[in-house]
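A.B. asks: Model the full assembly from the supplied sequences, consistent with the hints where possible.
Protein sequences appear in the order of chains E and X. In this text, residue positions in the first sequence follow the working numbering: the first is 1, and each later residue adds one. In this text, residue positions in the second sequence follow the working numbering: the first is 1, and each later residue adds one.
FYI, nobody ran anything at the bench for these hints, they're computed from the structure. Please note that the accuracy of each hint is not assured.
Unchecked claim - Across the chosen pairs, the derived CB separations fall in these ranges:
#: 1; chain 1: E; residue 1: E151; chain 2: X; residue 2: E135; range: 18 to 28 Å
#: 2; chain 1: X; residue 1: K46; chain 2: E; residue 2: L153; range: 15 to 25 Å
#: 3; chain 1: E; residue 1: P107; chain 2: X; residue 2: D8; range: 21 to 31 Å
#: 4; chain 1: X; residue 1: V103; chain 2: E; residue 2: D8; range: 23 to 33 Å
#: 5; chain 1: E; residue 1: P107; chain 2: X; residue 2: G136; range: 35 to 45 Å
To be verified - Every beta carbon over 12 Å from chain X, so not counted as near; a handful from chain E, in silico:
#: 6; residue: Y33
#: 7; residue: Y78
#: 8; residue: R124
Glycine is no exception: its CB is placed at the ideal position from the N, C-alpha and C atoms.
There are 2 protein chains.
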Amino acid sequence: MAEKAFQDYYREEYSHCYGCGRLNDHGLQIKSYWDGDETVTTFTPKAYHIAIPGYVYGGLIASLIDCHSTGSAAAAAYRAEGRSMDSEPPLRFLTAALHVDYVRPTPLGVALEIRSQIKEIKDRKVIVSSELYAEGEVCARGEVVAVRVPEHLLPSES
Amino acid sequence: MAEKAFQDYYREEYSHCYGCGRLNDHGLQIKSYWDGDETVTTFTPKAYHIAIPGYVYGGLIASLIDCHSTGSAAAAAYRAEGRSMDSEPPLRFLTAALHVDYVRPTPLGVALEIRSQIKEIKDRKVIVSSELYAEGEVCARGEVVAVRVPEHLLPSES
Chain E
1 MAEKAFQDYY REEYSHCYGC GRLNDHGLQI KSYWDGDETV TTFTPKAYHI
51 AIPGYVYGGL IASLIDCHST GSAAAAAYRA EGRSMDSEPP LRFLTAALHV
101 DYVRPTPLGV ALEIRSQIKE IKDRKVIVSS ELYAEGEVCA RGEVVAVRVP
151 EHLLPSES
Chain X
1 MAEKAFQDYY REEYSHCYGC GRLNDHGLQI KSYWDGDETV TTFTPKAYHI
51 AIPGYVYGGL IASLIDCHST GSAAAAAYRA EGRSMDSEPP LRFLTAALHV
101 DYVRPTPLGV ALEIRSQIKE IKDRKVIVSS ELYAEGEVCA RGEVVAVRVP
151 EHLLPSES
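C.D. replies: Printed below as a string of structure tokens:
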């Protein structure tokens, strides 16, 4: 896709996250985009993201759903305010609650796609619902309650 | 602690898991133990396991709770059968559902401790409830529904 990912709009001081920070060389560096009213990310696990042989580690799946959801929450909050993700003030979300149902074992060695819907957006809280697909089949479903990062936790302005 | 960790009893073919496999050089290699009727693991995140500056990545917390819980489920299943973890047949669990409530931001740079209780153990299902502590404070609570790995997903006997 040609457009900029949600995470590419994050200011430098918020871009170190293990899951989605473009500046974290050890991390997953996921990239999330709008596709109509859904958000989407794709990720191909490494061979070492294994659970039992042939299947993806559930903690990685939880991590992907987590970061894609907080990114989606931020994107939805900007969209609700009718402004672009590089406008001020910045909106950044953390996970208050994460739930993942592992519907079937996720095969290792193929690209995974996560598609998410914004279920609720209210004040400082956004609820994001997701399905994770491998080879066209739903392997996991997730729900994240994301809350705006409180000001006192934000790094000082650069 | 002097005793052997749950994960050190896993047979070689189950010991590649990113979260708890002793043979996964890229992984977290967590070690879980009994402490009375509770299970416990400790883990010190790396600097790159960051969310926003100063705090631990939520996906790592979910991963630690996930793997510690499936290990605890296995240990509880052996204990319920009155046999040691190196006896046959092997019991290994996967996560069916994972829930994490992030109670407060988890500080980065200190050891984390997860303490878990076996809430239910029935047939092929074990429910494990956990608290994650940093500096003596609860930072997250988790619940995992673990199910026995179906025979058709198990690697062939070595």
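A.B. asks: All the hints need checking, so say for each whether the structure fits it.
C.D. replies: Each hint, compared with the structure:
The beta-carbon spacing between E:E151 and X:E135, approximately 23 Å, falls within the hinted interval of 18 to 28 Å. A hinted range of 15 to 25 Å holds for the C-beta pair X:K46 and E:L153, which are about 21 Å apart. Distance hint check: the CB atoms of E:P107 and X:D8 are about 28 Å apart, consistent with the given range 21 to 31 Å. At roughly 31 Å, the beta-carbon separation of X:V103 and E:D8 lies within the given 23 to 33 Å, and the hint holds.
The given range of 35 to 45 Å is respected by E:P107 and X:G136, whose C-beta atoms sit roughly 41 Å from each other. Under the 12 Å C-beta cut-off, the non-interface status given to E:Y33 relative to chain X holds; the minimum distance is some 20 Å. No beta-carbon of chain X comes within 12 Å of the beta-carbon of E:Y78; the shortest separation is about 18 Å. At roughly 15 Å, the least C-beta separation between E:R124 and chain X is larger than 12 Å, which holds for a residue marked as non-interface.
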